[in-house]
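S.K.: Below are the chains, spelled out letter by letter.
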Amino acid sequence: MRKLLMQATVLDNMRLTPTVNTLRILAPEIAAQALPGQFVHIKVAAGIQPLLRRPFSIADIHAEQGTLTVIYRIVGEGTALMSSFSPGDTIDVMGPLGQGFRLMGERPLLVGGGMGIAPLLLLAKALCPRPVYVLMGGRTQEEMFWPPLFQNVCESIHIATDDGSLGRCGTALDMLPEVLEQNKIDVVYTCGPRVMMEGVAKAAAEMGIPCQVSLEEHMACGVGACLSCTCAASDGTRRKICSDGPVFWAEEVFL
Amino acid sequence: MRKLLMQATVLDNMRLTPTVNTLRILAPEIAAQALPGQFVHIKVAAGIQPLLRRPFSIADIHAEQGTLTVIYRIVGEGTALMSSFSPGDTIDVMGPLGQGFRLMGERPLLVGGGMGIAPLLLLAKALCPRPVYVLMGGRTQEEMFWPPLFQNVCESIHIATDDGSLGRCGTALDMLPEVLEQNKIDVVYTCGPRVMMEGVAKAAAEMGIPCQVSLEEHMACGVGACLSCTCAASDGTRRKICSDGPVFWAEEVFL
Amino acid sequence: MSKGENSQLCTEFAGIRMKNPIMTASGTFGFGLEYKDFIDLNELGAVVVKGTTLKPRPGNTGCRIAETPAGMLNSIGLENPGVDHFKDVILPQLAPYDVPIIVNLAGNTADEYGELARRLDIPGVAAIEVNISCPNVKQGGIAFGTDCASATGVVEMVKRNTGKPVIVKLSPNVTDIVMMARAVEDAGADAISLINTLLGMAIDIRSWRPVLGNTVGGLSGPAVKPVAVRMVWQVAKAVKVPVIGMGGIQSAADAIEFLLAGASAVAVGTGNFVDPRISVRIAEGISDYLTERGLTHVSELIGRVNDYC
Amino acid sequence: MSKGENSQLCTEFAGIRMKNPIMTASGTFGFGLEYKDFIDLNELGAVVVKGTTLKPRPGNTGCRIAETPAGMLNSIGLENPGVDHFKDVILPQLAPYDVPIIVNLAGNTADEYGELARRLDIPGVAAIEVNISCPNVKQGGIAFGTDCASATGVVEMVKRNTGKPVIVKLSPNVTDIVMMARAVEDAGADAISLINTLLGMAIDIRSWRPVLGNTVGGLSGPAVKPVAVRMVWQVAKAVKVPVIGMGGIQSAADAIEFLLAGASAVAVGTGNFVDPRISVRIAEGISDYLTERGLTHVSELIGRVNDYC
Ligand SMILES: Cc1cc2nc3c(=O)[nH]c(=O)nc-3n(C[C@H](O)[C@H](O)[C@H](O)COP(=O)(O)OP(=O)(O)OC[C@H]3O[C@@H](n4cnc5c(N)ncnc54)[C@H](O)[C@@H]3O)c2cc1C
Ligand SMILES: Cc1cc2nc3c(=O)[nH]c(=O)nc-3n(C[C@H](O)[C@H](O)[C@H](O)COP(=O)(O)OP(=O)(O)OC[C@H]3O[C@@H](n4cnc5c(N)ncnc54)[C@H](O)[C@@H]3O)c2cc1C
Ligand SMILES: Cc1cc2nc3c(=O)[nH]c(=O)nc-3n(C[C@H](O)[C@H](O)[C@H](O)COP(=O)(O)O)c2cc1C
Ligand SMILES: Cc1cc2nc3c(=O)[nH]c(=O)nc-3n(C[C@H](O)[C@H](O)[C@H](O)COP(=O)(O)O)c2cc1C
Ligand code: FES
Ligand code: FES
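Chain order of the listed sequences is B, Z, P and U.
Mapping the first sequence onto my numbering, position 173 (from 1) lands on 193, and the numbers just tick up by one.
Mapping the second sequence onto my numbering, position 83 (from 1) lands on 103, and the numbers just tick up by one.
Mapping the third sequence onto my numbering, position 65 (from 1) lands on 262, and the numbers just tick up by one.
Mapping the fourth sequence onto my numbering, position 101 (from 1) lands on 298, and the numbers just tick up by one.
Bear in mind the hints are in silico, worked out from the structure with no lab data behind them.
Hints should not be assumed to be uniformly reliable.
Claimed, not checked - Quick list of in silico lysine to aspartate or glutamate cross-link-like pairs, EDC-like style, CA-CA up to 16 Å:
no., chain 1, residue 1, chain 2, residue 2
1, B, Lys63, U, Asp472
2, Z, Lys222, Z, Asp206
3, P, Lys284, P, Asp318
4, P, Lys434, P, Glu489
5, Z, Lys63, P, Asp472
6, Z, Lys222, Z, Glu272
Claimed, not checked - Derived Cβ-Cβ restraints for the label pairs, each shown as a range:
no., chain 1, residue 1, chain 2, residue 2, range
7, U, Glu209, B, Thr39, 48 to 58 Å
8, B, Asp109, P, Gly385, 53 to 63 Å
9, U, Gly360, B, Glu49, 12 to 22 Å
10, B, Arg93, U, Glu209, 50 to 60 Å
11, Z, Leu275, U, Ala435, 33 to 43 Å
12, B, Asp109, U, Pro320, 27 to 37 Å
13, Z, Arg22, B, Arg93, 42 to 52 Å
14, Z, Leu275, B, Gly67, 35 to 45 Å
15, B, Gly67, Z, Ser185, 30 to 40 Å
16, P, Gly279, U, Pro255, 56 to 66 Å
Yeah, the Cβ is synthetic: ideal placement off N, Cα and C, and Gly gets one too.
Put together the whole structure using the sequences plus the hints.
M.R.: Structure, rendered in structure tokens:
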């Protein structure tokens, strides 16, 4: 696989919620190669402000159509600029970057929180025809725009919200042991807030189930050159989240 | 007169030549007060890049409609951004700024070069019903998109181009003595390259005709606060081009 | 409360009562009067006027400003009408306003600074800001601001000649800003202003000439903000006198960053050129921030950054 | 001419033959290999690799970068796998490329710098860049770069231990960059790199914490360009050894500004993150500029600014 630098065409950039958009771009060379868990690094402004690219997980691809989708939350200057991308605009995209999820097991569980659910969408598709189980947590029903997106690509969706406005009241972690056991899960993939992923990794480890985690860190280069994103591995050496990851075996990076 | 800070609406932003646009905005409070020779200070980017405002002469106003026109050449980052203003956009404008031309005389001549011709357009209108004579110089016919704009507001237009592609071959200065004499000019207004204005001022002085010149300098504040635009006056004191000018009596600022 | 007053924002800075801790930085707001169509001067914390010298100065020749990425260079060269004109003509025009006027001073020698301070020890002047950091003049200016002994000499001389609070404005173009700050504090400074401009240069690649007539100039605007915040943080920890933070402030968020870093007040410079109402907007923005967080007074922000060191 | 060669651009810098005067700045281009999908390393003037230390270093904890107006702060803290790993694992991977490899060194003591230079006095290393300007480490780094005597000591020690050209990378966080440059020139430096990052800080106004885990970090990117151009101009006039100019270069125009200011070569840092092909684009842009102006060689630009002073 070769990393590419492309001028991609915006196909659509739709609002999913007041603060979340889904951006679909035409980027055939990247779409042809991209694997679940990998990300693209997008230049959001034509000029120098803001200066750095923004990393986003690849949430979907249509290799035949040459399209690629990212789902992003508008949180600051860069994502606000992205929300004004219009169909037909040309944007500068690097990708596919990083190491994705390793597809394995027979009964995989995907545990996601917040925008960490985005890469799990493409992962669920890639894991087909295995029966894919999904467990997702969020604060309220409002943040839970995900279920319809997963409808056709998974066996069952388990939802927890902090206020109980959708699914079970509580966190994804509260529901985890039950979901693991009932569905005879044999591999766990997780992406979301660090505390959630640590809890997932711990529960999986206790049940002897292999677990892959997708980490996040502020990134300048996205290709392993600047060392802005590194983390300590359990063996005392360092890992670059952008190029050794973002997906790691849980035991590789969590102690 | 009170200087204003306004959110103005873009009405149109049309191409006059491949590098010159005419921008018409709805800014009733500014249009109601603006005098020929004054300028507006436009914020070209929403963010901090480029940081400073850009000054442009007021080329036309329709007080009743509340509109104001500037004619600008795309020369750099700021004017390039301006060329992408679309009808309906809101832009941040300060104005009217500076001291304009003093209307006087019976047979005024307006001598302009390059984009310095822009403020002479509004001046010509304001001088009506006096017979207004216009002399303009440029490099080639291409730069001479001005004559149609002046058609209904002046008695006669004299044109010089360096290559003779329109009007007389030569500079405005070459034609000046003849134009001054034949039309019995009793006041001269000039705006354009400094060497041109100096030549005009000299010729006018020799014939005892009063002459007003409009100066240009890089400006930060536009209101007399930063002293980035000052020049020496003939009496040894200093003038702020943005607030004491941009229009001065020739003998006030040229030695 | 009178116009522009807000109990969350009223501040006493180096003995000066201010309606809010937002001042206008010297050289960027003229004498205040230039902006009166846009802003009610009574709503400002203080107006710091243009650098004033004993004799009128014409300033530098040639182009005086250049735009740079998220910033600008200036090489005005302290053009000003001189202290006597300021006293006789300008100050009376400022008398009707209920806003502290702080006069920024620049001299060629310590004695000149002393003489300036003496002449300005008059009603209507709230404080003196000693500019030992102008990068745009051949003599004086930054030469005093990059050497502890010279800085000390100037500050002592000014203190001897005035009863007003003395604010010393430091240059960021030094290896050790904390050492400079301690030196002027020891010499009697009542407060410290940080930062003046960073020395910079831009070249026109068409003409092969410096963009500025003076070749080099002072860099200001958002570009310098990280350097300014760092210096305010270092100095505020090291000295007991209050600090006025400035450098690139364009929003309430920027101002809050400086307050958290340790500034007791802030000044807005280049930002005035972009938005002539910026100081008032910032005061409002800080007030909103305090309200959102349930804080009652801006002083609850000062120096409250929880650094990791 | 071989791949990437262009007679207008080929340069000899401090005895190193380069296809063009555009290098990648240390710490921003990894070991070059990270960018090989995007750029043919053979088209670069030189690759300056990440700061290398005697022992592997984990770098600083917490968040390591922050975006600032037209720039960024970094506090990587010299994370690197150590000199032995570089020699044994990385350097052999670079052997197939026809591009000079310059190794950036950082030590805690002058002796460590000497030892590093000695271990790297091997084939495959084109030159040594002595980093006495890292703002992100507690020991060494910038402490050497802000004091003439310490800088001299380090440079002399490195010179004694290597036959390679020795480039000394200076810190902009000093009062007098010319004095530092002269000191390292006198100590035997064969070239000078300018500038490393300016010390800065950013505070998160939501959490009241510094954005960087290390509290302070180094400012780079377009924001610092005016300061960098000014220092290159000052130093190039004052020393005889050639200067590598860097700080905010994002385009051919920026690079040309540095060349006119007196840099004999330039390096691109932060720009690589924005556009991984930037160095090649800049080489092409300079070539076009020379052609348009009827110039035959890039050397015709170096130091040619017509300053007014
Ligand atoms: C590998 C990876 C994949 C990601 N995938 C997604 C995704 O699919 N959907 C989504 O909504 N978000 C995703 N993020 C987070 C996304 O990159 C940030 O939300 C975005 O960069 C914020 O930019 P901003 O300018 O709007 O925010 P600002 O807060 O203004 O950004 C300031 C700076 O901080 C950086 N930054 C801010 N938040 C984050 C963050 N959470 N992670 C990394 N850098 C950050 C920005 O890149 C920028 O340099 C991902 C991050 C990484 C590292
Ligand atoms: C009082 C006044 C009236 C003007 N009226 C007009 C007009 O009617 N039509 C028109 O086309 N132009 C006019 N100009 C010039 C216009 O302001 C500049 O062309 C414009 O600022 C260029 O901006 P830029 O970002 O495209 O160019 P850049 O070259 O990228 O600008 C860089 C910096 O230099 C400044 N600058 C560049 N050229 C000039 C210039 N000629 N004068 C002042 N500052 C400059 C810019 O404002 C900016 O700060 C006027 C200038 C002044 C002072
Ligand atoms: C055009 C201009 C003129 C200035 N003149 C002075 C001055 O006379 N005295 C002074 O102490 N500082 C002067 N400064 C520095 C500012 O007061 C301020 O310290 C600096 O610009 C940083 O703040 P900013 O980034 O908000 O502009 C000047 C700055 C500018 C841009
Ligand atoms: C992430 C990062 C890491 C850096 N690491 C080093 C380093 O290890 N050694 C060094 O001498 N300079 C280092 N620098 C400084 C750059 O080499 C360069 O001097 C500086 O960034 C200015 O150039 P720029 O504005 O083009 O980035 C680093 C800069 C950045 C942004
Ligand atoms: S983002 Fe540069 S090394 Fe990971
Ligand atoms: S532009 Fe500021 S004084 Fe004229």
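S.K.: Could you run down the list of hints and mark each one as holding or not?
M.R.: Against the structure, the hints:
no., hint, in the structure
1, Lys63(B) with Asp472(U), "9 Å, holds"
2, Lys222(Z) with Asp206(Z), "15 Å, holds"
3, Lys284(P) with Asp318(P), "11 Å, holds"
4, Lys434(P) with Glu489(P), "27 Å, violated"
5, Lys63(Z) with Asp472(P), "9 Å, holds"
6, Lys222(Z) with Glu272(Z), "13 Å, holds"
7, Glu209(U) with Thr39(B): 48 to 58 Å, "56 Å, holds"
8, Asp109(B) with Gly385(P): 53 to 63 Å, "60 Å, holds"
9, Gly360(U) with Glu49(B): 12 to 22 Å, "46 Å, violated"
10, Arg93(B) with Glu209(U): 50 to 60 Å, "52 Å, holds"
11, Leu275(Z) with Ala435(U): 33 to 43 Å, "38 Å, holds"
12, Asp109(B) with Pro320(U): 27 to 37 Å, "50 Å, violated"
13, Arg22(Z) with Arg93(B): 42 to 52 Å, "44 Å, holds"
14, Leu275(Z) with Gly67(B): 35 to 45 Å, "42 Å, holds"
15, Gly67(B) with Ser185(Z): 30 to 40 Å, "37 Å, holds"
16, Gly279(P) with Pro255(U): 56 to 66 Å, "59 Å, holds"
The structure fails to meet hints 4, 9, 12 from the earlier list, while all remaining hints are met.
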